[in-house]
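Asker: Chains A and B, in that order, give the protein sequences. For the first sequence, numbering that gives the first Met the number 0 begins at 0 and goes up steadily by one. For the second sequence, numbering that gives the first Met the number 0 begins at 0 and goes up steadily by one.
In short, the hints are calculated from the structure, not lab data. Values in this document were obtained by computation on a predicted structure and should not be read as measured data. Among the hints, erroneous ones may be present.
Claimed, not checked - To spell it out: a stretch of chain A is covered by chain B in this simulated footprint if at least three of its residues, at any positions, have a beta carbon under 8 Å from a beta carbon of chain B; those stretches are:
1) 141-149
2) 152-160
What the hints assert, rightly or not - Computed footprint of chain A on chain B, listed as stretches where at least three residues anywhere in the stretch have a Cβ under 8 Å from a Cβ of chain A:
3) 49-61
4) 91-97
For each residue, glycine too, the CB sits at the ideal point set by N, CA and C.
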Amino acid sequence: MRTLFKDMGLLLWLPITILLAWWFGSANSTSIYFPPLELILETFARDWLGPRFVTDALPSIGKFLVGFGIAAAGGVFLGMLIGLSRRLNAALDPLIQFLRAIPPPAILPIALLLFGIGASMNIAVIALGAIWPALLNTIDGVRALDLQVIDMTKSYRLSPAKRIFKVLLPAASPQIFAGLRVTLQMSIILIVVSEMFASTSGIGFYVLNSQQLFAVPETWAGTIVLGLLGYVATLVFVLIERRVLAWHRGMYNSLEKA
Amino acid sequence: MIPLSTSTISTETIMAVEGLRKSYGEAQILDGIDFTVNKGEFVCIVGPSGSGKTTLLRCIAGLQAPTEGKTMFEGVEVTEPPAKLAVVFQDYSRSLLPWMTVQENVMLPIEGRFPKEELAERVKKALVSVGLAGKGKLYPWQMSGGMQQRAAIARGLAYNPDVLLMDEPFAAVDAQTRVELEDLVLRLRDEYNTTVLFVTHDIDEAVYLADRVLVLSGAPTSVTENIETLLPNPRNQIETKRLERYSEVRARVMGLIQAAKSHASI
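Chain A extracted, bound-state conformation:
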């Protein structure tokens, strides 16, 4: 119990110190750019813990999840196909290298042309912009499969389904998850940027719109919402990753001990 408090203390002392410093440092602030934290939090509570959560936050979160889902599933699926075929890999590699070199926000104008303003545009930008880390890491992970493992699957005549789901995917999973983590971060960036760029609702829209209306506390409050969204998304991802890759950590630790 004591160590738990100690751990929590170690984890929390800096954020708490910063919050306190911000709170007291800004308490009597008259600068319009740096309103008191109290005012920011009041705005946060008023705007984001009320109906706006349903009208603006939930749609943003929904679009982000769908976009990330498509990027992740598409990246892993296509990565498997490409990684398994030397020919496909050779044929597609130059194209993939070119496409992934395009800075993701640069596809916004074209996506806007093709999809117009709306959820499908935000989702398309995430799916197309954030797919690359998942795709490339899956290709690498699949191609790195140990030759002796391949021999084993062949000599025991494992069915294609067993080879893919029981051998190939788990073997590549540490690399796949490393890719998915970057895909997740890019998805968060792209939902915000695409909502700022062209949207009539959503958290990104709220932040940029508040700034343009010179509603400074709202601008700050929206930024905090975005920070929290990213934080929670990463936290959930890490928890899932820990569960799925428990064997990997266990093996790694056992090797370190030896």
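Given the coordinates of chain A, work out where chain B should sit on it, guided by the hints.
Answerer: Relative to the frame of chain A, chain B by itself:
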């Protein structure tokens, strides 16, 4: 007088390697390998390192096509891994899957091929046979090297093969564990009535285990000698190795290997 009974071995051929050649471009690895294995026999293939043992094994297992010649398995030419052949690989840490428990690893090849109860029964029996009763829920990396190789052997047994093909299976374990595993394999051969083809670079191991030792030359490789050990069964690490016949065969194999090595280095 040494009793010459090699007991239960039939003269029925289960595998036949005929004129097997393998080359990679200019480099010739296997230069016409010929031998047969009888049903129930324990045959050790011993050769100097770099003699293409792994290539030979992969051709026999149907994992690699020979350049010339063929392997017959139970009367059928090998063009893909035969269903009644199980391979125990050299590097257990790579051939066991670390994301599965030991029993999941053992079950993997036969899953879906039998009803659930029979599946569980087979896995349990195999684990008991190799001395891993109650260890099925561990992950491979939670076990010692010797135990991991036992698990890999259990996977082979649960597959219910007619022939167990073992590729230097004990090369990576310590000497004491190796002795235990050698005796384990001899016992399992009787218990499961399987034919064993065992590849090794260790001369003592080959002579101790085998009914027959095939000695390979250096690359390009062929079979230089085919020696029946004629050692009495059951074998015993102390008594068998005390026999005059054991020393005789051992010296013979040693001589051939050294000749092969010096020939190769010219």
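Asker: Hint by hint, where does the structure go against what was stated? Just the numbers, ascending.
Answerer: none
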